[in-house]
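**Student:** Got chain A sorted already, so can you dock chain B onto it with the hints?
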Amino acid sequence: MNRLLPLFGFLLLVTLFGFGIWWNTRHDPNAIPSPLINKPAPAFVLPELYDPAVKVSKADLLGKPYLLNVFASWCIECGVEHPVLQVEGPTLGVQLVGYNYKDAPADAKRWLAEHGNPYHLLLADQSGDTAINFGVYGAPESFLIDAKGVIRYKHIGPLTPGVIRRELKPAIAALSKEAQP
Amino acid sequence: MTPELGQLALILALLLALAQGVLPLIGAWRGNRALMAVARPAAAGQAVFVAMAFGILVWAFLHFDFSVRYVAENSNLELPWYYRIAAVWGAHEGSLLLWILILNVWTVALAAFSTKLPEVFAARVMAVMGLIAVGFLAFTLFTSDPFGRLLPMPGDGADLNPVLQDPGMTFHPPVLYMGYVGFSVAFAFSIAGLLGGEMEQAWVRWARPWTNIAWGFLTAGIVAGSWWAYAELGWGGWWFWDPVENASFMPWLVGLALIHAQAVTEKRGSLRAWTILLSIFAFSLSLLGTFLVRSGVLTSVHAFAADPRRGVFILAFLTIVVGGSLLLYALRAPKVAGGKPFTLLSRETVLLIGNLMFAVASAMVLLGTLFPLIGDAMHLGRISVGPPYFGFLFPLLMLPVVLLLPFGPFLRWGKGEASLLKPVLLRAGIAAAACAIVAVFFVDGKLKAIAGVAALVWLGAGVLLYALKRWREAPRGKRYPAELAGMLLAHLGVGVFVAGVLLTEALGVTSDVRMAPGQTQHIGGYDFRFDGVQRTTGPNWRADQGTITVTRDGHAVALMTPQKRTYPRGQVQTESAVDAGFFRDLYVALGEPMDAGNIEGAWSLRLYYKPFVRWIWGGGLLMMLGGFTCAADKRFRLKRITEGEPVSALHLQETRA
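Those sequence lines, one after another, are chains A and B.
The numbering of the first sequence is my numbering, which starts it at 1 and goes up by one.
The numbering of the second sequence is my numbering, which starts it at 1001 and goes up by one.
This is chain A alone, in the form it adopts within the complex:
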């Protein structure tokens, strides 16, 4: 019996791996968390969209959690996401920071004027260099960053009311729970 133990242990492992493969085929690969989750957000220094003379760095945003939302005027999916942010943004309880990605500032401003501006603060990354450090695949993407500057949650693709209810809001709730005691 003893000699069968390693075999049983291994079969358990195989079951787990089989499950892993099955899980990955059933779940959107986007759901695989970025390796950046629970790591400090990369340092950045970016100009404010409306006032490029103002430089915003990671350190400036420490102290309060915020949702960094990567968007661009050329991004069709962002147009899908935008109305959701307009409605849900104020109910989130965290700052909404817009991250304008590989976009001409004039286009971005026109786009925001047309569709409305749900953001508390807007950063412009015209070259997209900083976005590489965030591992941005494309717009839209959203990062929930806590008061200490650590990335706690990431979503690739447009935020939908469902995603906000099921994933984002619980993640924000977890942050405020941490902050209280």
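In short, the hints are calculated from the structure, not lab data.
For each residue, glycine too, the CB sits at the ideal point set by N, CA and C.
Short, incomplete list of chain A residues facing chain B, as computed with Cβ under 10 Å:
| # | residue |
| --- | --- |
| 1 | Asn2 |
| 2 | Leu5 |
| 3 | Pro6 |
| 4 | Leu11 |
| 5 | Val14 |
| 6 | Gly18 |
| 7 | Phe19 |
| 8 | Gly20 |
| 9 | Trp22 |
| 10 | Trp23 |
| 11 | Asn38 |
| 12 | Pro42 |
| 13 | Ala43 |
| 14 | Phe44 |
| 15 | Val45 |
| 16 | Asn133 |
**Tutor:** Then chain B, alone, in the frame of chain A:
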């Protein structure tokens, strides 16, 4: 046309591997010598065809044959030739081919050096190697063809991941694979032993040098990987407990246990079943590493592009190989605990404790690595346990090893004498305590650093005392046989490694700063002056290159030039600058310009002062050297075995078969 020849070569290699895997087994079973004799020529033929396929892929890279999809995806016209060769193993398909090539190198070496083994036993060993090759060749041909065409042929290719465009990356994978694949030899010996049903001490002796060499290569591979991560990833760390790092660390730990268990089994006959189990585990964990890296089951910085079909294939292969061997183990492992008896105070006991610690540590790493997966299975979400878990448990498990290490060599087999241990304990203990007290004044009372000094002296004194004892007691010329010298080297390596880790962690200084040209930062006794950033270009990149002048008390120490490179396909790669030294490294990585439009202005920089960081790799290299030295011992040469040692059981088995 040539790429198709490569594919054809792989198909022929697969057929030969099948012949090598199946016919000698039948031959050994039926006592048919002609069938057993197939093994060696089949192995040689397979090696020729695999080498041909590999050569054709190298050729395709060197000649920019972008009609081959793999070439087009991993190289371009601007990539220098040395990185085009390294690009062969830069992604999944080619690295698999490299794995197979190295498996063939081991098989051919085995075929050449095993001619003195009993025929039946050698046939079974070769057959197991053949069956492993079947699995990998089929995997390549059915799911990961490196010769697939891309039509119409693009004018230029994509790029080799810039992270991989580093000298360290050219030799890290081949060396690492030499280690991984090398464990297949010990595995094949074990399976052949189980099939024959005779667990002789003799086969363990034959397997020992192979295991030592494989483990030495694996050590070198891990050291190279750690050094590469340090130099290239720009985080200045040397180990991250990343799933892929863990995948190489687990077989290393089990291999370490195996080396010691084999010594016990060979010399005393005990722990036979355990030795067999460890050889199965060491190779299984190597296969598991392949699975983890290539199936996409875990996310990692190193992971290859995932494809569920590949995951299923490797899982099936893993199940057959590992499940089959463990079943065989359950059925055929030696029923009686053989070997000579030993008391509580004996070399066997300390080796067993070490073995236990390595095995538990390996299981601990496995659990930590698979935690996100377990989390999914239990609907807890993807939870990574990360460095806090490993960083707490691993040192805890290794503490008894470090404490007991100096005593091991002084203990006799079977029954040790406590009276011999006392002077060791006293001398090494006093030396360690004295040095620790002196160290307090040099390291600002940092506990980790003091522990590092004490550990180094403790382990070093243990090695030295044993070397002295041999010098006094053993006759000239027989004082330090290779096996013993290797052990001493490796144990000294442990001390150097532990000291390196603890001193770096305790005394290292990291500083993220914003610096304008002309500004100076004072770190770890050094002054770092930032002299601004200029543009520069290389063979296939352009870069912003910073200049930092380092001085100490006004004397120039180093001129450092960290870069931020941009490669042709737009990927950005940080190239840190390291000023290496025996006692300290200075390390500078370039962050971002404060003003994106003006690279001549202020930048964010990351400055490190890392004392004794080289000792981490130095210790690893000493361990590697120890493994290689051990393997060179004359005692392991096959000729000697026939002289006195009982191999009768194998002869018996031969006649029975």
